Amino acid sequence: MALPVTFVAGDVLEAAQLNSNFTYLDGKGSGLTYITGATFTTAATVSMASGVFTSTYENYLVLFNLTASSTDQDISIRVNNAGTPRTATEYFGSKSSVNPTGTQTLTGTNSGTSHNAMRTLGAYITLGAIINVYSPLATGTNTSWSVQAMGAITSSSAAITGACTYNALEAHDGLTFVVGGTISGNYRVYGYLNS
Amino acid sequence: MPRPIIQIGDEAREMTESEFAQWQIDVQAAAEAQEAADARVAALASAQAKLAALGLTDAEVSALIGV
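One line per chain: the protein sequences are A and B, in this order. Using our numbering, the first residue of the first sequence is number 57, and each one after it goes up by one. Using our numbering, the first residue of the second sequence is number 22, and each one after it goes up by one.
If you're looking for bench data, these hints aren't it; they were derived computationally from the structure. It is possible that some hints are incorrect.
To be verified - These stretches of chain B come out as covered by chain A in the derived footprint (C-beta under 8 angstroms, 3 or more residues):
(1) 22 to 30
(2) 39 to 49
(3) 59 to 73
Keep in mind it's a predicted model, so treat the numbers as computed, not measured. Backbone N, C-alpha and C define an ideal beta-carbon position, used for all residues, glycine too.
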């Protein structure tokens, strides 16, 4: 019997066929699996708990949403090792911010202690971002990530894209977000099914 | 004065002394980076204004400086 069994109008459903379809579907993973998330309020630093990134998935998607920001401020990203954010000067990346008039501002992170990844405004602009994290558990290659966000540059809104790597052959099990003021919002973490 | 809040997973608490020290370093670095970015934006606007004052059209300015 080819699975899954597909029925058309007029077919008679047999219990065995239904059971076979249940068996076929049992254990099939979604392409994107929710792992964890958190809501934060007026925090200066937001860090994932240890063990969010595991060997179950090679790559991860992080949705990061702000609902409030105390001021105009940059949002920096760090990788966590066993739950502790890495602060060595091993961050190499950049971001591009394009404001509504088409003016682009480039910000480099060259041997930085974090990735200057996003910016938000306090008065009227909140921020939404997707962050793809690549191979954080692999110890044979550096962890890297890319960011796409609607945020700000200086004092106007901006489309932000960027990417970064942490130059160390070690496992990373989460991310930390750092701001100079405070932020409120939430993040959600999903794993990409490997195959 | 209470130290800023750090949230780890679902737990929010006041930063420890060492976390606060690192955060202060981060804030200083972010301020310097923003200052540099602001300076680049200001320099670009200044260059555009000077080229416009020389009689260049917007299209010509854009062709010259790439924005």
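Worksheet item: Are 3 or more residues of the region 59 to 73 of chain B near chain A, judged by a Cβ distance of less than 8 angstroms?
Response: holds (count 4)
Fill in: Whether chain A covers the region 39 to 49 of chain B (at least 3 residues having a Cβ closer than 8 angstroms to its Cβ atoms)
holds (count 6)
Worksheet entry | Proximity test - 8 angstroms, beta-carbon atoms, the region 22 to 30 of chain B to chain A, at least three hits | It holds: at least three residues are needed, and the region 22 to 30 of chain B offers 6 whose Cβ sits within less than 8 angstroms of chain A.
In summary, the structure agrees with every hint in the numbered list given earlier.
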